[in-house]
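S.K.: Given next are the chains, with one letter for each unit.
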Amino acid sequence: MVIPMPNATPQPAQASSIKAEIRDFNFFYGNFQALKNINMGIEEGKVTALIGPSGCGKSTYLRCFNRMHDLYPGNRYEGQIVFYPDNTNLLAADVDPIEVRMRVGMVFQKPNPFPKSIFENVAYGLRVRGESRRSVLEEKVEQALHGAALWNEAKDRLHEPAYNLSGGQQQRLCIARCLATDPEMILFDEPTSALDPIATASIEELIDTLRGKVTILIVTHSMQQAARVSDFTAYMYLGEMIEYGKTDDIFVKPRDKRTEDYITGKFG
Amino acid sequence: MEKVHISSQFDADLEAVRSRLLQMGGMVEQQLRNAMAAYITGERELVEQVRSTEDSINMMEIELDDRCTHLIARRQPTAGDLRLIMAVIKITTDLERVGDEAAKIGRIVGQMHDSGIAKLNGFSDIHVAANMAVGMLKDALDAFARVDVVAAERIIKQDRQIDNEFRSLLRELITFMMEDPRTISTALGVVWIAKALERVGDHAKNIAEYVVFVAEGTDVRHSGGPADTAL
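Line order of the protein sequences matches chains B and G. The opening position of the first sequence corresponds to residue 10 in this note's numbering, with each subsequent residue numbered one higher. The opening position of the second sequence corresponds to residue 15 in this note's numbering, with each subsequent residue numbered one higher.
Just chain B, with the same shape it has in the complex:
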């Protein structure tokens, strides 16, 4: 497999297995180019963090992975996001965005459970897929809640409204809802910025347990969080991928001065 070498942003060393390969990728909001010539390989089963100042394009980039931008006219993708092992370009016109979203789940900044019961929230994706057998739904819901470390807290209240859960629990419910459809990748868009430190720690612990099972891409404003949870870190600035490498390297000896200035909190 040929892994593209992005401009001045080398790939993670000894890529074991690549889940997604981003090639010559650009993104436009109408005439405004929000992402510029991104090339990178995302390792399977690993956690990759996207960091950068507000407006650098990290959330825009994240949303490209499940074609969220399709919803608004005038948005335009260029280049490819190729998923392995089937070599599918997620951005291809003949690829159904609904299919993409089955493969790529997303968790947002604020927990957004549906106004339904805990059980129905988790079962939702399966029902959309046409699954209606009670036994299958029950098994999958339990599995997903276990996966999201919420089972013990939720097992006796599965049919209560999801809004009865605390903020941190709601966020884990959203992760369970993602997991229920067995996604290959989960996108986290600042998943803990609305949570207290304890709930944050439990989400981070959860991300840790998902490592190896699902490929994770996380946007975070907290550099400490990126340092804690990720295997790889990409620093973005003004729509460009400035530096991409192992988290251990980025936080101890970044190669690019701009990365160093950002993570050490310098200006001037």
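Derived from the structure by calculation, the hints contain no laboratory data. All values derive from a computational prediction rather than experimental measurement. A hint or two may mislead.
Within a straight-line C-alpha distance of at most 27 Å, the following computed BS3-like cross-link-like pairs (lysine-lysine) qualify [as the list claims (entries may be wrong)]:
1) B/Lys262 x G/Lys171
2) B/Lys222 x B/Lys266
3) B/Lys125 x B/Lys149
4) G/Lys17 x B/Lys255
5) B/Lys222 x B/Lys149
6) B/Lys266 x G/Lys17
7) G/Lys17 x B/Lys262
8) B/Lys119 x B/Lys222
9) G/Lys104 x B/Lys266
Guided by the hints, dock chain G onto chain B, whose structure is given.
M.R.: Leaving out everything else, chain G in the frame of chain B:
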């Protein structure tokens, strides 16, 4: 323009740690010079000064470690800042050890003079080693202050010279002792002093290695040539 941190307090804290370390370095350097001056002149006052400086140096070690601990806890430093703090913590230990070596020299000099043993006539080679050790320490601290990798690498290589100097001193002292057994007590004292100076060279080399780490993020320790073979 050199970039500064958005938090000016963070800049101030880092600068305070850096300058305090250099201050500690200056004290240690002076202590070592005093110890050697005491060897030459035999002044009791100098020996006493060397001893009392050791206490101040130990206090500074504790203070610097404390400052670094708080910086890590409060600021979670990364990249260059993290490397600087790591280096300060390590260099503090090396400086404190140099202080111990200087104190050791002071004690030996005190004992030598107390027991009235004469100096070895015409034996001045120890001064060469002393100047070399003090020079290396000073250069290493300068390299740290300027984050000068080129100077640091030069110091790392220099350590070999001081090791050679120590070995030749040893041979010379053995000759003295064989020729005239009455010099044995004095010669042994000088051997201890020489060994302490050789250790100072090792610590200066360590400091230089941390300078490379601060500047480039590479750990150059234990990477070059055969291990120290002197004693």
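S.K.: Provide an ascending list of the numbers of those earlier hints which the structure does not satisfy.
M.R.: 2
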